Amino acid sequence: MNALPETTRPDEAAGRAAVERYTAPPSRLARIVRSWEFLLVVLFAAGFVACSLASPYFLDIWNLSDATFNFTEKAIVALPMALLIIGREIDISVAGIIALASVMMGLAAQAGAAWWIVALVGLGTGLACGMVNGALVTLFRVPAIVATIGTMSLYRGVGYAILGDQVIKSYPEGFEVFGQGYAWGPLSIEFAIFLGLAALFAVVLHRTVVGRRLFAIGNSPTVALFSGIAVERYRFMLFAVVGLASGLASVCLTSRLGSTRPSIAVGWELEIITMVVLGGVSILGGVGSILGVVLAALLMGLVTFGLGLLNVPGIVMQIVVGGLLIAVISVPVVLTRAGIIRPSRR
Amino acid sequence: MAAAPAATTTRRSALHRWIASRDAALAALNVVLAVAVALRFPDFVAPSNLADILDDTAILFLLALAQMCVILTGAIDLSVAANLALTGVTVALVNAAHPGLGVAPIIVLALVMGAALGAFNAVLVWKLRLPSIVVTLGTLAVYRGCIFLITGGAWVNSNQMSDAFLGFIRVPFLGLTLLTWIALAGIAAATWFLNFTVAGRNLYVAGGNRSAAFYAGIDPWRMQALAFVISGAVAGLCGYFWVSRFAVAYVEVAQGFELQAIAACVIGGVSIAGGLGTVAGVVLGALFLGLVKNALPLIGISPFWQMAIAGAVITVAVIVNARGDGRAAGRRILEEKAA
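Heads up: the sequence lines are chains A and B, in that order. In terms of my numbering, the first sequence opens at residue 1470 and continues consecutively. In terms of my numbering, the second sequence opens at residue 202 and continues consecutively.
Each hint should be verified, as a subset may be incorrect.
Claimed, not checked - Just a sample of chain A residues kept apart from chain B, beta carbon distances all over 12 Å, derived:
| hint | residue |
| --- | --- |
| 1 | Leu1589 |
| 2 | Gly1619 |
| 3 | Ile1637 |
| 4 | Pro1655 |
| 5 | Ile1658 |
| 6 | Ile1662 |
| 7 | Ala1667 |
| 8 | Ala1685 |
| 9 | Ala1796 |
| 10 | Val1802 |
What the hints assert, rightly or not - Quick look at which bits of chain B chain A covers, simulated, 3 or more residues with Cβ under 8 Å:
| hint | stretch |
| --- | --- |
| 11 | 338-347 |
| 12 | 463-474 |
| 13 | 494-506 |
| 14 | 512-519 |
I should point out that these hints are in silico values taken from the structure, not numbers from a laboratory. Keep in mind it's a predicted model, so treat the numbers as computed, not measured. The beta carbon of each residue, even a glycine, is placed where N, CA and C say it ideally should be.
Taking the hints into account, I'd like the entire structure generated from these sequences.
This is the structure:
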């Protein structure tokens, strides 16, 4: 702009204004309306209204509170999974970690451990499993997809090897607080944990150097490496955090069910990854927001709850989740091709 | 242009030597395993038991080779087991409704339906350029859910299946079942397809170097689409074999079996980054899993250990692969990772 002379003819000024209007970044409002998160809010609002019209029991604060249980544990894992996928990795073994951590907690409970030791065993198992995944990817240089496909059956398999088809149902007093307790009024402890973690992850991803570096790694690991970012260390930490969060989800789930069996949380990896992708995180890495993931978790919870109100069986919901996953990744591509949205977004 | 083929040839022959030694090592591993078990239980290597093991592993041979085609192009198909189950349950229902139909229409239906389910993956990967792992994770859930929609959760039992439907794969011929012979024919067909046809070689090119393939006039995504259709058709055919062999069809048929097929490929030395792998390696990898599976109950290990052992074997195999495969290791740092 400085290159232009101070005095210009009126038609030149008009032309410059037109160019500026065309090249200027879109206004704040336009950006918000065009954002993926806004779309999720609209969908959520529409679903909310539809559900409240469809069922007189929907708009009850305790019903809504109950409804949060069906997605909160998955959403807890979805938060670090979002960071992992933004960093261009993926972890398919999370449901296996949840199952193994639950089995380990069952063993601890059988041995007579106190409630907080049982919970620590769950968290520790999750962290250890996550660190094994991280070591496979960073030390042994195995692609994350294959490494976690292997550990997925390894972790759940160890659970089966330990417990077989048995069920452990006796947990120490106090352990039920994680999955059945309420923090404040109808706000469950589980959901409070999720909200706290969401705030924490949002700050880390969007307001700290660590978050900026994750985006850098996701956009180009090579450039990130040559910019002096310890890429492998970040990858390892991400896998460890995903493992720890899976352990936490296992604590909540085991506490809520009050029982352990190696077959719990089957297929959760699908729902967790769907949540992340639905939240606008690019599966190719480098793009995404925690707000989007939180909104996607709420939306999926709403869809599941709504279908439940309509007495749709669980396995049919699986079709919806799978279809949703495919639709969410294909719709932006189709819209971009048709010129309706700009290619830069995803 | 003239120099390029010469360079590839010298590199290929070096690669071939390396792969040959690797396949040889895997074959030795299989023999060692069989001999070790046979020292305690001599019946393990009796011809009739070996024939049983081959019959038991036949479906895995076919699925692993189909999965290999997909992995060679740099993609992965997680939906094979769900496709197998959906097609298997469908042909079982068709057979229950029309017992007099005979086997030929059932096989055609299984192939066509499987190929159609595979083509759905193919279109998403080819036309929309979507990452195959996400697409097939989604179709896995959808296909599996569709089984519930068409059966309502009910089982199709052996008494609802016609004798022809059940008997076809059990026809004995030269001491082996027809299913085993079909698997052996499948191995021969895969060897011919991947080594001696243009389309087969193009699968390697598409996964080996996407840009090079593109500039050589080979659309890598089209090759992925072809691989997904092949994988789907084979999965569909195996769907009929599975419900016929186990004489029952229900929603959870072959749940998690896609991992066995991928494991056979990974153990067999197929690079998950694409472009690398041999039919012999995959066959030996599948055979290894089959031997382990059949040896476990014999040496008194609970079947509940099977999943953990499979997982451990896959994990160890990928570590060994990643260390041996210097090409893939170098690629991870300096090039874009295959999605």
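To see whether the hints hold, each was checked on the structure:
In this structure A/Leu1589 is separated from chain B by more than 12 Å, as the shortest Cβ-Cβ distance comes to about 24 Å. For A/Gly1619, the shortest C-beta to C-beta distance to chain B comes to about 4 Å, within the 12 Å cut-off, and the non-interface label is violated. Chain B leaves A/Ile1637 outside its interface by the beta-carbon criterion, the shortest separation being 15 Å against a cut-off of 12 Å. Separation of A/Pro1655 from chain B is adequate, the least Cβ-Cβ distance of about 31 Å exceeding the 12 Å criterion.
Separation of A/Ile1658 from chain B is adequate, the least Cβ-Cβ distance of about 30 Å exceeding the 12 Å criterion. No beta-carbon of chain B is positioned within 12 Å of the beta-carbon of A/Ile1662; the least distance is around 27 Å. Under the 12 Å C-beta cut-off, the non-interface status given to A/Ala1667 relative to chain B holds; the minimum distance is some 23 Å. Under the 12 Å C-beta cut-off, the non-interface status given to A/Ala1685 relative to chain B holds; the minimum distance is some 15 Å.
In this structure A/Ala1796 is not separated from chain B by more than 12 Å, as the shortest Cβ-Cβ distance comes to only about 9 Å. Not every CB of chain B is more than 12 Å from the CB of A/Val1802 (nearest about 5 Å), against its label as outside the interface. Judged by the Cβ-Cβ criterion of 8 Å, the stretch 338-347 of chain B is covered by chain A as claimed, because 9 of its residues qualify and three suffice. For the stretch 463-474 of chain B, the proposed coverage by chain A is satisfied: 5 residues have a C-beta within less than 8 Å of a C-beta in that chain, meeting the threshold of three.
Coverage of the stretch 494-506 of chain B by chain A holds in this model, with 3 residues showing a Cβ closer than 8 Å to a Cβ of that chain against a need of three. Three residues within the 8 Å Cβ limit are the bar, and the stretch 512-519 of chain B against chain A gives 6, so the coverage statement holds.
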